[in-house]
Structure formats: C-alpha cells, structure tokens
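Asker: One letter stands for each residue in the lines below.
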Amino acid sequence: GAVVSQHPSWVICKSGTSVKIECRSLDFQATTMFWYRQFPKQSLMLMATSNEGSKATYEQGVEKDKFLINHASLTLSTLTVTSAHPEDSSFYICSARPTYNSPLHFGNGTRLTVT
Amino acid sequence: DQQVKQNSPSLSVQEGRISILNCDYTNSMFDYFLWYKKYPAEGPTFLISISSIKDKNEDGRFTVFLNKSAKHLSLHIVPSQPGDSAVYFCAAAGGTYKYIFGTGTRLKVLA
Chain S
1 GAVVSQHPSW
11 VICKSGTSVK
21 IECRSLDFQA
31 TTMFWYRQFP
41 KQSLMLMATS
51 NEGSKATYEQ
61 GVEKDKFLIN
71 HASLTLSTLT
81 VTSAHPEDSS
91 FYICSARPTY
101 NSPLHFGNGT
111 RLTVT
Chain L
1 DQQVKQNSPS
11 LSVQEGRISI
21 LNCDYTNSMF
31 DYFLWYKKYP
41 AEGPTFLISI
51 SSIKDKNEDG
61 RFTVFLNKSA
71 KHLSLHIVPS
81 QPGDSAVYFC
91 AAAGGTYKYI
101 FGTGTRLKVL
111 A
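Chains S and L supply the protein sequences, listed in that same order. The numbering of the first sequence is this note's numbering, which starts it at 1 and goes up by one. The numbering of the second sequence is this note's numbering, which starts it at 1 and goes up by one.
Quick caveat, the hints were computed from the structure, so don't treat them as lab data. Among the hints, erroneous ones may be present.
To be verified - When the alpha-carbon atoms are kept at most 25 angstroms apart in a straight line, the in silico SDA-like pairs for lysine to any residue are as follows:
id, chain 1, residue 1, chain 2, residue 2
1, L, Lys-54, L, Asp-24
2, L, Lys-98, S, Ser-102
3, L, Lys-37, S, Thr-32
4, L, Lys-5, S, Thr-80
5, L, Lys-98, S, Thr-17
6, L, Lys-98, S, Ala-72
7, L, Lys-37, L, Lys-54
8, S, Lys-41, L, Lys-54
9, L, Lys-56, L, Ala-111
10, S, Lys-55, L, Ile-18
11, L, Lys-98, S, Ile-12
12, S, Lys-41, L, Ser-8
13, S, Lys-20, S, Thr-80
14, L, Lys-38, L, Arg-106
15, L, Lys-98, L, Val-87
16, L, Lys-68, L, Tyr-32
17, L, Lys-68, L, Gly-83
18, S, Lys-64, S, Thr-17
19, L, Lys-108, L, Tyr-39
20, S, Lys-55, L, Gly-95
21, L, Lys-37, S, Lys-55
22, S, Lys-41, L, Asp-55
23, L, Lys-38, S, Pro-8
24, L, Lys-5, L, Asn-27
25, L, Lys-38, S, Glu-22
26, L, Lys-37, L, Ile-18
27, L, Lys-56, L, Leu-66
28, S, Lys-64, S, Ile-12
29, L, Lys-5, S, Gly-61
Stated by the list, open to error - Chain S is nowhere near these chain L residues, computed Cβ spacing over 10 angstroms in every case:
id, residue
30, Gln-14
31, Ile-20
32, Thr-26
33, Lys-56
34, Glu-58
35, Thr-63
36, Ala-70
37, Gly-95
38, Thr-103
For clarity, every value in this text was computed on a predicted model and none was experimentally measured. Just so it is clear, CB atoms sit at the ideal spot from N, CA and C, and this is done for glycine as well.
Between the sequences and the hints, there should be enough to build the whole structure, so can you do that?
Answerer: So this is what it looks like as structure tokens:
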C-alpha cells in the first residue's frame, strides 16, 4: 500500500516554456503532499508543501511564481515549472503520507532538462 | 544550517558482512526518524523508522538504533547483500510537519 505515482518520469523542454508534473496518491487520500528537488550528489531539498483546497506553503528561497503548485483533489497535486530556464534542470520528487505520523512515500521522480 | 548530517558520503562493505550507516542531528525537537534507500533516477523507498520513545527498531535485516543523548542514529544491515547497494538517506521530523533529510551515504556491497 501507500503508492505514489509521478508523471512524467523525464521531460526535456526548451527555455521559456512551462512544464507540468503530476503527483498522485493511488491507494490513499493525501491532504498534504510535498515537493522535493534533488541536485546532483546532494540531499533532498523540500521546495513546498501542497495543501488540498488551499495555497501551497513554499520554503524560503523558492519562487512561488516560478513553481506553481495546485492540489485540486485528495489524490492529485501538480507542480508547474513556469518559464523554465536551464538552471531549473533538476530531479523533482513528490511525496505524500496516509496519516500524519506515517512515513513519507515518494514518487519515482521527474528528471527535467531545460535546453 | 544542516540539521541532519550524514558525514560519510560513501561506504564499501563485503557481501555477508554488516553495513553500518550513521546519521547525526542537531534539533532536539525531532522525535521521529526514518531511513530511506534510493536508486539512481528513482524516488526514495522507505526502509524503517523509529520514534524517540524507543532506542531500537528491527525489521528483518535492518535495525535502526537511536541514541537521543548523542543525537545520533544508525542503520545496521546484516547480512549485507549486493542488492543493498544504493544511496541511503536518514530523515528526521518533529515540531513541524516537515521531514528533514541528510545528504545521503552511498553504500556499495561487494560480491
């Protein structure tokens, strides 16, 4: 149980375009989902917390206008990278948990390459 | 400020021997700790967790030890298998809803 699905697994886009990444909890409802970013050889950095039915909470230093998060239902959160630039190239991973005190379960990540 | 630290970026262990991965934390508000395993180009997979009311939790070949006074936890894998080769992240939570991750340790199990 506790499966999180993320799509697409990889995407290449041109500079200036926008990319949408979907994160779904397949067998549980998630009022909260988390978006992480991983740079090469570095840790998982929390970007934002996605809250169903309300605005996302962004971590310090993360541009909310560049990384748009929408959590329209209890099983779906989306991250849109707007006006992407090469420096946005990274590995983006979403996660969710069935209950507050349960472990985070992660999607398989999305490798974004901006050319 | 790195609240969760994994000071060993890599570790090599012979198959069948014990692998010990270490993690230190600084925030005394943390009360829930987890270990994740990650393969390249995949999301992390949950392995085992421990709450601060315990000092040990075991699940098959994996055991996590927590030393609250030292703010230190460790993951023991025994016996180590080649399929255990991956990057291992420790994570901590408490006080807030956020999970803070360490920088990871790359484990290589040699056949």
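Asker: Decide, hint by hint, whether the structure agrees.
Answerer: Hints, one by one, checked against the model:
no.: 1; hint: Lys-54(L) / Asp-24(L); verdict: 17 angstroms, holds
no.: 2; hint: Lys-98(L) / Ser-102(S); verdict: 12 angstroms, holds
no.: 3; hint: Lys-37(L) / Thr-32(S); verdict: 22 angstroms, holds
no.: 4; hint: Lys-5(L) / Thr-80(S); verdict: 31 angstroms, violated
no.: 5; hint: Lys-98(L) / Thr-17(S); verdict: 31 angstroms, violated
no.: 6; hint: Lys-98(L) / Ala-72(S); verdict: 21 angstroms, holds
no.: 7; hint: Lys-37(L) / Lys-54(L); verdict: 22 angstroms, holds
no.: 8; hint: Lys-41(S) / Lys-54(L); verdict: 31 angstroms, violated
no.: 9; hint: Lys-56(L) / Ala-111(L); verdict: 29 angstroms, violated
no.: 10; hint: Lys-55(S) / Ile-18(L); verdict: 46 angstroms, violated
no.: 11; hint: Lys-98(L) / Ile-12(S); verdict: 30 angstroms, violated
no.: 12; hint: Lys-41(S) / Ser-8(L); verdict: 13 angstroms, holds
no.: 13; hint: Lys-20(S) / Thr-80(S); verdict: 4 angstroms, holds
no.: 14; hint: Lys-38(L) / Arg-106(L); verdict: 9 angstroms, holds
no.: 15; hint: Lys-98(L) / Val-87(L); verdict: 21 angstroms, holds
no.: 16; hint: Lys-68(L) / Tyr-32(L); verdict: 11 angstroms, holds
no.: 17; hint: Lys-68(L) / Gly-83(L); verdict: 31 angstroms, violated
no.: 18; hint: Lys-64(S) / Thr-17(S); verdict: 17 angstroms, holds
no.: 19; hint: Lys-108(L) / Tyr-39(L); verdict: 12 angstroms, holds
no.: 20; hint: Lys-55(S) / Gly-95(L); verdict: 21 angstroms, holds
no.: 21; hint: Lys-37(L) / Lys-55(S); verdict: 31 angstroms, violated
no.: 22; hint: Lys-41(S) / Asp-55(L); verdict: 30 angstroms, violated
no.: 23; hint: Lys-38(L) / Pro-8(S); verdict: 19 angstroms, holds
no.: 24; hint: Lys-5(L) / Asn-27(L); verdict: 11 angstroms, holds
no.: 25; hint: Lys-38(L) / Glu-22(S); verdict: 20 angstroms, holds
no.: 26; hint: Lys-37(L) / Ile-18(L); verdict: 16 angstroms, holds
no.: 27; hint: Lys-56(L) / Leu-66(L); verdict: 6 angstroms, holds
no.: 28; hint: Lys-64(S) / Ile-12(S); verdict: 22 angstroms, holds
no.: 29; hint: Lys-5(L) / Gly-61(S); verdict: 21 angstroms, holds
no.: 30; hint: Gln-14; verdict: 25 angstroms, holds
no.: 31; hint: Ile-20; verdict: 20 angstroms, holds
no.: 32; hint: Thr-26; verdict: 15 angstroms, holds
no.: 33; hint: Lys-56; verdict: 18 angstroms, holds
no.: 34; hint: Glu-58; verdict: 16 angstroms, holds
no.: 35; hint: Thr-63; verdict: 17 angstroms, holds
no.: 36; hint: Ala-70; verdict: 21 angstroms, holds
no.: 37; hint: Gly-95; verdict: 13 angstroms, holds
no.: 38; hint: Thr-103; verdict: 4 angstroms, violated
When each numbered hint is compared with the structure, violations occur for hints 4, 5, 8, 9, 10, 11, 17, 21, 22 and 38.
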